Structures are given as structure tokens and as C-alpha cells.
Amino acid sequence: MKILKIPKENLDLFVAVLPAFGEVYAPVRRGSGFAFDRPGRWTEVQMNYPRTILPPKKFFLPPRETTFKFDSSKGYQDQLAEATKPVVLFGVHAYDIFGLNILDRVFSQGRYVDPYYVARRQNITIIGVDFQPDDKHFAYSMNADFVESGFDLFLNDIGEDYLVLVGTSRGDDIVLMSGCLLQAPTEADFAEYKRRAGMRRSAYRTRLELEELPEILEMEYHSKVWEEMGERCLSCGSCSAVCPTCYCFDVNDELELGGNAGSRIRSWDSCLFKNHALVAGGENFRATRASRIKFRYYHKQRGFVAEYGRPSCVGCGRCVAACPAKIDIVTVIETIRGERDESRSGVAAKA
Amino acid sequence: MSEPKTVLIIDDDHDFVNAIEALLQSSGYQVRSAFDGKEGLHLARTLKPDLILLDIMMTERTEGFFVLQEARRTPELSHTPVIVISSIYAELPVFRVNPEAGWLPADLFLPKPVDPARLLAEVGRLTDAARSATSGSAAARRES
Chain H
3 MKILKIPKEN
13 LDLFVAVLPA
23 FGEVYAPVRR
33 GSGFAFDRPG
43 RWTEVQMNYP
53 RTILPPKKFF
63 LPPRETTFKF
73 DSSKGYQDQL
83 AEATKPVVLF
93 GVHAYDIFGL
103 NILDRVFSQG
113 RYVDPYYVAR
123 RQNITIIGVD
133 FQPDDKHFAY
143 SMNADFVESG
153 FDLFLNDIGE
163 DYLVLVGTSR
173 GDDIVLMSGC
183 LLQAPTEADF
193 AEYKRRAGMR
203 RSAYRTRLEL
213 EELPEILEME
223 YHSKVWEEMG
233 ERCLSCGSCS
243 AVCPTCYCFD
253 VNDELELGGN
263 AGSRIRSWDS
273 CLFKNHALVA
283 GGENFRATRA
293 SRIKFRYYHK
303 QRGFVAEYGR
313 PSCVGCGRCV
323 AACPAKIDIV
333 TVIETIRGER
343 DESRSGVAAK
353 A
Chain S
59 MSEPKTVLII
69 DDDHDFVNAI
79 EALLQSSGYQ
89 VRSAFDGKEG
99 LHLARTLKPD
109 LILLDIMMTE
119 RTEGFFVLQE
129 ARRTPELSHT
139 PVIVISSIYA
149 ELPVFRVNPE
159 AGWLPADLFL
169 PKPVDPARLL
179 AEVGRLTDAA
189 RSATSGSAAA
199 RRES
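Those sequence lines, one after another, are chains H and S.
Going by the working numbering, the first residue of the first sequence is number 3, and it counts up by one from there.
Going by the working numbering, the first residue of the second sequence is number 59, and it counts up by one from there.
Watch out, some of these pointers could steer you wrong.
[What the hints assert, rightly or not] Output of the computed footprint for chain H on chain S, the stretches with three or more beta carbons under 8 Å from beta carbons of chain H: (1) 124-130; (2) 142-154; (3) 166-174.
[Said to hold, decoys possible] Every beta carbon over 10 Å from chain S, so not counted as near; a handful from chain H, in silico: (4) K4; (5) T45; (6) M49; (7) D73; (8) M144; (9) M179; (10) L183; (11) R207; (12) A279; (13) F287; (14) A327.
The set of hints was computed from the structure by calculation and includes no laboratory data.
Since the model is a prediction, treat every value here as computed from it, not as a measurement.
Quick reminder that beta carbons are idealized off the backbone N, C-alpha and C, glycines included.
All chains should be built: construct the whole structure from the sequences, respecting the hints.
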């Protein structure tokens with residue numbers, strides 16, 4: 003892997019060149035939070051942000067998209083062109099890139115490949131940046147604080163500069179276009195990278211033990227913890243919306259007046275929604291909130307392990323930040339593991 | 059007699075703006091000016107000028123790049139000819155990215171200090187081409 007460095011003072015010039023590879027989206031302030039959006043000027047770009055409100059998955063699996071249109075006189079017209087617009091995502095954290103790598107397993111590998119997801123994955127350039135963990139991050143515990151692939155470039159803060167890891171040939175093209183903005187790193191730069199990487203690992207205040215968790219979840223299937231959570235959970239689906247790896251979607255056909263033409267729409271769904279497991283005939287396999295929230299935890303920390311070999315949670319902390327009922331995944335898992343007194347924990351995050 | 063062409067200058071250097079304004083007005087152009095990117099984009103959307111002269115290093119040294127990107131995303135400005143006039147290559151020797159390498163969605167890049175005769179010729183060329191394209195499209199629509 004090629005490694006270069008760029009002085010922080012030249013990052014604005016580097017970003018100015020990126021539009022050659024697509025529409026640039028970067029983390030900017032959005033109310034009290036942050037979001038990936040098009041910056042109006044360089045100073046709007048936030049290089050040191052804890053997390054965005056929505057993860058980058060919104061670019062690869064849009065909250066709502068038209069997959070194809072149909073017309074009785076014209077047949078089907080796919081909407082793949084929308085998915086091939088070049089985009090540059092600048093400033094993506096490692097756990098979010100890890101989340102995309104997890105989505106790759108679902109949508110771009112195996113028997114059924116999603117052409118819309120694949121088109122976006124091919125046409126979206128990803129430039130990662132490292133981050134300082136806050137009290138909600140537990141990506142280190144989920145082995146998602148560092149990523150080896152899935153990015154075109156990755157920037158690591160080493161003080162006055164960023165160390166730039168080149169991940170793909172497209173990343174190399176960006177480097178070539180940037181000319182003299184990037185320089186060769188020194189041994190001192192590598193030493194600083196290692197020092198800061200160690201400090202970052204030590205900075206995680208929230209840790210989660212994953213050992214034997216799938217088996218423990220199997221044993222605790224009838225734990226009253228799930229009933230308690232069902233009482234607190236509002237089934238709003240916020241956790242699913244903000245999760246980098248939640249990918250459930252609904253499909254609906256919307257007809258035009260006359261009924262001869264329409265569109266097939268794919269939109270985000272959530273296993274927390276009441277009708278998620280509702281089937282024809284009226285049977286609902288997860289009618290209670292307790293059953294739905296249990297399902298989500300089991301899918302993330304057990305079901306996904308069985309199918310893909312690792313949990314689909316990346317430890318970004320967005321669900322903790324977003325939950326209006328203050329349900330904290332770490333607290334729940336610790337309670338299930340018996341590491342926290344159930345009577346005192348209340349399976350809720352600290353206020 | 060066709061309507062006079064309008065040129066919008068977006069540049070924070072008041073002396074430069076005054077000089078270019080005088081040059082263009084003496085050649086029959088109507089000229090409006092803005093002294094930062096935000097004001098410039100607002101004026102551009104309102105005026106829909108025949109051509110934009112855009113500086114890069116304003117309040118921020120890459121401000122013009124972002125203004126240009128936003129202009130190209132705006133439907134009514136996506137085809138407006140833009141000439142970037144900047145001293146960025148002289149002032150920032152480390153920035154050696156070729157402006158004609160495809161990353162800068164402008165029609166032309168001219169370094170400062172700009173040759174007035176060259177500027178006039180290019181403004182004339184680009185605005186004539188844009189108006190021909192516009193009238194050609196209008197004629198095609200009338201025929202169909």
C-alpha cells in the first residue's frame with residue numbers, strides 16, 4: 003500500500019481538486035449534529051467530528067429510491083443512471099467504512115447481487131479520516147476502529163500533517179492529480195502515527211466484551227431483560243435509521259392515475275416497526291415491542307455472526323445517541339452477560 | 059439590435075473589479091460585481107448573466123472553487139460561461155494542479171495579472187458562442 007502525507011494547511015487545496023472525481027460530500031454541521039453534505043466553502047468541512055446523524059449508507063442505500071418505472075406501452079425502464087453519478091465522500095470514519103464492507107457482503111456478494119448498490123459502490127469514492135472516540139464509541143470492541151480495505155484514500159492525523167494511505171487505483175489517480183500537494187513521509191511520521199494509534203486505542207471509554215456473546219444470547223432468549231426493553235422501546239426505528247449496517251427495506255409500487263404506469267419504490271424499513279413481520283392473512287410474527295427489539299439485537303450480534311462470521315454492529319454509537327428512550331446497546335449486552343446488576347441498570351443509558 | 063451582454067465579476071479585490079468594470083463597460087458590456095462568493099452566487103442566480111468572471115482566493119483561498127461547483131449544480135447557471143481569473147498559481151507554488159486537467163468546471167482559466175486585450179477577446183468569444191447556442195435552441199424549439 004502506498005503511503006504519503008499531506009500538510010493539514012494544504013487540505014483545502016486537495017479538496018478543491020476532488021470534484022474531478024465526483025460531487026464532493028463532507029461532514030458539515032447540521033443543527034447540533036453533523037451530516038455528510040456538500041460544503042459551500044472549505045471552513046464548513048469538519049475534520050474532527052464524533053459521528054454524523056445518518057451514516058454514509060444513505061448514499062448507497064438511499065432512504066427512498068425508484069428502482070424502475072413501468073408503463074404498459076413502454077415496458078420497464080430501470081433507474082440505474084441515477085446510481086452511476088460519481089460522488090466523493092470525504093472524511094468517512096473507519097467504522098463507517100467497515101459498515102459498508104459489511105453491506106457489501108449482503109448486497110454485492112453471493113447469489114443475488116443488487117445492481118443499484120453495486121453501481122453506487124463503484125461510482126462513489128471514499129476518503130476516510132481517523133477520529134477521536136467519545137463516550138459512545140465502542141468500535142474498538144467491535145474490531146471496527148481500523149479498516150484495511152473499502153476506501154480509496156485514508157487520512158491519519160499525525161499532528162501538522164495527515165498520513166495518506168492509498169487503498170485503490172482510483173486513490174492513486176487522486177494522488178497523481180494532486181501533484182505536489184502530497185509528499186513522501188519520514189520515519190518520524192511513521193513513529194508519530196504509531197504513537198497516536200496507540201493513544202486512540204487507549205482513549206476508548208466504552209468497551210464491550212464479545213467473547214461467547216452469540217452463545218450467551220442463545221441462553222438468555224427468555225430473559226426478562228427483553229420485556230423491560232419492550233416497555234421502554236418506542237418502536238420508532240431511529241436505531242435502524244442511524245445504523246451503518248441496518249439494511250431492511252420495503253418495496254411498493256406507486257401507480258399513476260389511470261393505472262397504466264408507475265414506479266417501483268424501495269424505501270428504508272425497520273424491524274422495530276409494528277408491521278415489519280406482518281404477513282398476508284394478518285399474522286404478525288413479532289407483534290410486541292419486546293419481540294421486535296429482541297430480534298434486532300439477535301440479528302446484529304448472533305444471526306449475522308452465524309451467516310457472515312462477525313456481528314454487524316460496528317460500535318459507532320449512533321443508536322445510543324439517537325434513541326429517544328435512552329436504550330444503550332452496551333448496557334443491554336452487559337446486563338445480558340451478567341456483568342451489570344439488572345435491578346440497578348434499568349437497561350438504560352446513564353442520563 | 060440585440061440586448062447588451064451582462065458580465066458578473068466575483069472578486070474581493072475592489073481595485074481589480076473597478077479596472078475590469080471600466081474595461082468591459084467601454085466595450086459595451088453591462089457589468090455587475092460581487093465581492094464574495096455568497097453574494098456572487100446570489101447575484102448570478104438573480105441576474106443570469108451572459109458570463110461570469112470568477113476569482114478564487116477571496117475570503118478563503120479556495121472560495122472560488124466552491125462557488126464554481128455550486129454554480130454548476132444550479133440549473134440556470136450550469137451552462138453559463140465562466141472565466142476563472144486568479145493568481146493562485148503564483149501565490150501558492152505548491153498548487154501545481156493543471157487547471158485544464160478536467161477538475162475545474164470553468165470554460166477558461168486566466169492567470170492574474172490578466173492581459174486586457176486577451177480578456178476582452180475571450181469574453182466576446184464565449185458570450186457570442188453562448189448566445190448562438192441559446193438562439194439555436196430557441197429556433198429549434200419554434201420549428202418543432
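How the hints compare with the structure:
1. 124-130: Check passed, 3 qualifying residues.
2. 142-154: Three-residue rule met by the segment 142-154 of chain S, so holds; n is 4.
3. 166-174: Violated: only 0 residues of the segment 166-174 of chain S have a Cβ under 8 Å from chain H.
4. K4: Fine: 19 Å to the nearest Cβ keeps K4(H) off the interface.
5. T45: violated (6 Å)
6. M49: holds (15 Å)
7. D73: holds (23 Å)
8. M144: holds (36 Å)
9. M179: M179(H) is in fact no farther than 10 Å from some Cβ atom of chain S, at 6 Å.
10. L183: It is violated; L183(H) is separated from chain S by about 6 Å at its closest Cβ, not greater than 10 Å.
11. R207: The assertion about R207(H) holds, with a minimum of 36 Å to chain S.
12. A279: Answer for A279(H): holds, closest chain S Cβ roughly 42 Å.
13. F287: holds (45 Å)
14. A327: holds (39 Å)
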